[in-house]
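> The primary structure of each chain is shown beneath.
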Amino acid sequence: SQQGEEDPQALSIQEGENATMNCSYKTSINNLQWYRQNSGRGLVHLILIRSNEREKHSGRLRVTLDTSKKSSSLLITASRAADTASYFCATDAGANNLFFGTGTRLTVIP
Amino acid sequence: SQTIHQWPATLVQPVGSPLSLECTVEGTSNPNLYWYRQAAGRGLQLLFYSVGIGQISSEVPQNLSASRPQDRQFILSSKKLLLSDSGFYLCAWTGQSNSPLHFGNGTRLTVT
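Chains A and B, in that order, give the protein sequences.
Residue numbers 762 to 871, in this note's numbering, belong to the letters of the first sequence in order.
Residue numbers 1189 to 1300, in this note's numbering, belong to the letters of the second sequence in order.
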């Protein structure tokens, strides 16, 4: 399966701390994307990193990609209570499909 | 700007009843359209995607079907619901391949 797998499944941190989530996948990809989902809502796209990129930043988000290890990480710096959500990685191997992992549930305690 | 509408937000249906979930996109043309299902505490499972009117690709054989009667309309249907059809159904669109998906707010379906 091409599906990504996030680690850890759940993460609880204090406000102001950094949160790191990891994603591993199995096949070659065109790009890898991270999404956020608030409880009971649709997913919101956060950041896309292409297979020829190693690191990308967007505000307090930092994503790395290691294609040799087939892994990616999402770092959220200076976390806020509003960052509480589930975070999913999704791999794009072409053919109009995105394969999503099972997500990391992040809780930021005020 | 582009928007995606998905309805209803919640639905409770008895086993054996039919299903119709609708999704429409505004502000774009010829989008790629997707139906995903998310079981409780799980990731997203791609059910169907469409790259054009009348073109439907099924990823998982099951009790559901999809149709795209208009360019920006995507419908998920079932003739007879099963208990296992319960879940959170998400519609999404993208303008082209290798681009991010834009999701609707989802439909929570409970089959009783």
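Please note that a few of the clues may not be correct.
To be verified - So, partial list: chain A residues that the calculated Cβ filter (under 7 Å) puts toward chain B: (1) D768; (2) K787; (3) S789; (4) N791; (5) N792; (6) Q794; (7) G803; (8) L804; (9) H806; (10) L809; (11) F861; (12) G864.
The set of hints was computed from the structure by calculation and includes no laboratory data.
All C-beta atoms, glycine included, are put in the ideal place defined by N, C-alpha and C.
> Mind listing which of the numbered hints don't hold for this structure, in increasing order?
1, 2, 3
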